[in-house]
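J.: Here is what each chain is made of, one letter per residue.
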Amino acid sequence: MSQKTSDIDISYVAYLARLQLTEVEAARFSAQLKDILKYVEKLNELDVTNVEPILTRVAGLSNVLRKDEVQPSIASADVLRNAPQQARSLFIVPKIVEQG
Amino acid sequence: MTIAMMLHTQTIHELRVRLRRGDISVREVTQAVLDRIAGLDGRIKAYNWLNADDALTQAEAIDRAGVAKDGNPLAGVPIAIKDSINVVGQPCTCASKILQGYIAPYDAFVIRQLRRAGAVLLGRTNMDEFAMGSSTENSSWGVTRNPWDLERIPGGSSGGSAAAVAADEAIAALGSDTGGSIRQPAALCGCVGLKPTYGRVSRYGLVAFASSLDQIGPLTKDVEDCAVLLGVLSGHDVKDSTSVAQAVPDYTQALGKGVKGLRVGIPKEYFVAGMDREAEAAVRGAIQKLQSLGAEVVELSLPHTEYAVAVYYLIATAEASANLARFDGVRYGLRVAGDDPIEMYRQTRGAGFGPEVKRRIILGTYALSAGYHDAYYLRAQKARTLIRGDFEKAFEKCDVIVTPTSPTAAFKAGEKADDPLQMYLSDIFTISVNLVGICGVSIPCGFTVNPKLPIGLQILGKSFGEETILRMAHAYEQATDWHKQRPNL
Chain A
1 MSQKTSDIDI SYVAYLARLQ LTEVEAARFS AQLKDILKYV EKLNELDVTN VEPILTRVAG
61 LSNVLRKDEV QPSIASADVL RNAPQQARSL FIVPKIVEQG
Chain B
1 MTIAMMLHTQ TIHELRVRLR RGDISVREVT QAVLDRIAGL DGRIKAYNWL NADDALTQAE
61 AIDRAGVAKD GNPLAGVPIA IKDSINVVGQ PCTCASKILQ GYIAPYDAFV IRQLRRAGAV
121 LLGRTNMDEF AMGSSTENSS WGVTRNPWDL ERIPGGSSGG SAAAVAADEA IAALGSDTGG
181 SIRQPAALCG CVGLKPTYGR VSRYGLVAFA SSLDQIGPLT KDVEDCAVLL GVLSGHDVKD
241 STSVAQAVPD YTQALGKGVK GLRVGIPKEY FVAGMDREAE AAVRGAIQKL QSLGAEVVEL
301 SLPHTEYAVA VYYLIATAEA SANLARFDGV RYGLRVAGDD PIEMYRQTRG AGFGPEVKRR
361 IILGTYALSA GYHDAYYLRA QKARTLIRGD FEKAFEKCDV IVTPTSPTAA FKAGEKADDP
421 LQMYLSDIFT ISVNLVGICG VSIPCGFTVN PKLPIGLQIL GKSFGEETIL RMAHAYEQAT
481 DWHKQRPNL
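If you read the protein sequences in the order shown, they are chains A and B.
Heads up: the first sequence begins at 1 in my numbering, then just goes up one per residue.
Heads up: the second sequence begins at 1 in my numbering, then just goes up one per residue.
Keep in mind the hints are simulated off the structure, nothing from the lab.
Note that the Cβ used here is the ideal one computed from N, Cα and C, for glycine as well.
Any given hint could turn out to be false.
Restraint-style ranges between C-beta atoms, simulated for each label pair [unchecked claim]:
id, chain 1, residue 1, chain 2, residue 2, range
1, B, GLY66, A, VAL24, 52 to 62 Å
2, B, GLU151, A, LEU61, 38 to 48 Å
3, A, ASN63, B, ASP374, 23 to 33 Å
4, A, ASP9, B, PRO341, 17 to 27 Å
Assemble the whole structure, with the sequences as input and the hints as a guide.
T.: See below:
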């Protein structure tokens, strides 16, 4: 946490998160996040040299794999029923690639 | 009142006796609960969605099949479901506008378990949006009220489930617990709520908030019901890769054995300034009671407790920022148009998520972003190892750890709504359990005087130590009558 918390560029982080914020939200969240980040700086008091992070959660379990076999799944019509826009078993989204 | 009219006040084990004898039908039980909801939920607002006809159809089918007479413990019992758990054909909104219109195309693992056990699935209970909150105020459906005082919050995030059970609007309910979201509302509403060990209950079909922390668990009127429901929910599921293939014991067999010989650890860090005096007195009284019942009290220390809130809010938000990336307006729920996909994502998410969810996505994204990942997320995961070490050491000296569930009884709606950090700090006694992955249960241990509000006692156990915490919870409950008291509605 070498950087100062005042460094938060809220509009950049919101862009990374694909989140449109109003100006009022951006101002309010900036202030609140500054408080929260100041609070979490508490963790700097801890000496974590040589401490392994917890990255696997369940003792005795690692890389739970299954056989690569075709199995029945939810019918695509049932899944597509929830789509805001769909046609011919596909989700419709705004154009991604410009025509060359 | 006739007996049939009072069926909604019954516990699972009380109903079981009468259903087995054939004194009452599943339809009568279900109708009694539906009548209770119809008469009361306008004030409590525990439910986001309910289909009475569907519940009665399920009840009639169970009556026709006669399974309630076979003795399956849950057969014919109406159970409410948190609005984050998928039930095929029903909405699953997570109390968010972004899941408007979504109808679940499949059943969660726990729902399949409930169906197999013959339970009647009632409606969907209110929650903080995507389970982010401690008061059920962060809901696009409006605020759920605490049945003990309608000006107060029921706790959260499983506040609708806790309020429904406390108000007899359900015989029992399912919740999910990422940092205390079952135990804290159970404490604030005066019911029993258990967070199982990580890996005990499959999360398949639970909308993910923070995957290294989430567990589904029961909210019930007493400890015996908790043991029954936990037994049904537990089990191995290949569709959740964190699910553990460990045999599921009959948890009710752990009850009635008393507490003689059990060592109860009391961590000094959980009895500190800031704790409400009445709540602390009730918890200390409960510890004395356990001692008088034959438990041995051991003072101990969990020295990294003060870092748990900071660790939790970095890890939980980081995981949430990744999990909630799926809500982008493509496959389900709300879509707000944009000229290109990124603009569509931004507009959809900006319009669909409420303020607390946005705040946490921003914090989590920041904690994972280039240049900050090591300073925040990685450091938090290392601190988490230290917290786990505290508990490993503590459990060398004791069989269970007993603490308050929450620093205060239920607070008033709006009281902490504008101060996220204060709201986060109200989770201080529950979040370490999720960070470490162990199990914990909250049971009623007293009331504040004016107004009369429930206070919760938290009993923590080792990984897969559910039998031990239920045994102790049951011994305490049987020696007291807190769980029998009902709000005046």
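J.: Hint by hint, say whether it matches the structure.
T.: Evaluation of the provided hints:
no. : hint                           : verdict
1   : B/GLY66 / A/VAL24: 52 to 62 Å  : holds, 60 Å
2   : B/GLU151 / A/LEU61: 38 to 48 Å : holds, 46 Å
3   : A/ASN63 / B/ASP374: 23 to 33 Å : holds, 25 Å
4   : A/ASP9 / B/PRO341: 17 to 27 Å  : holds, 23 Å
Hint compliance for this structure: every hint is met.
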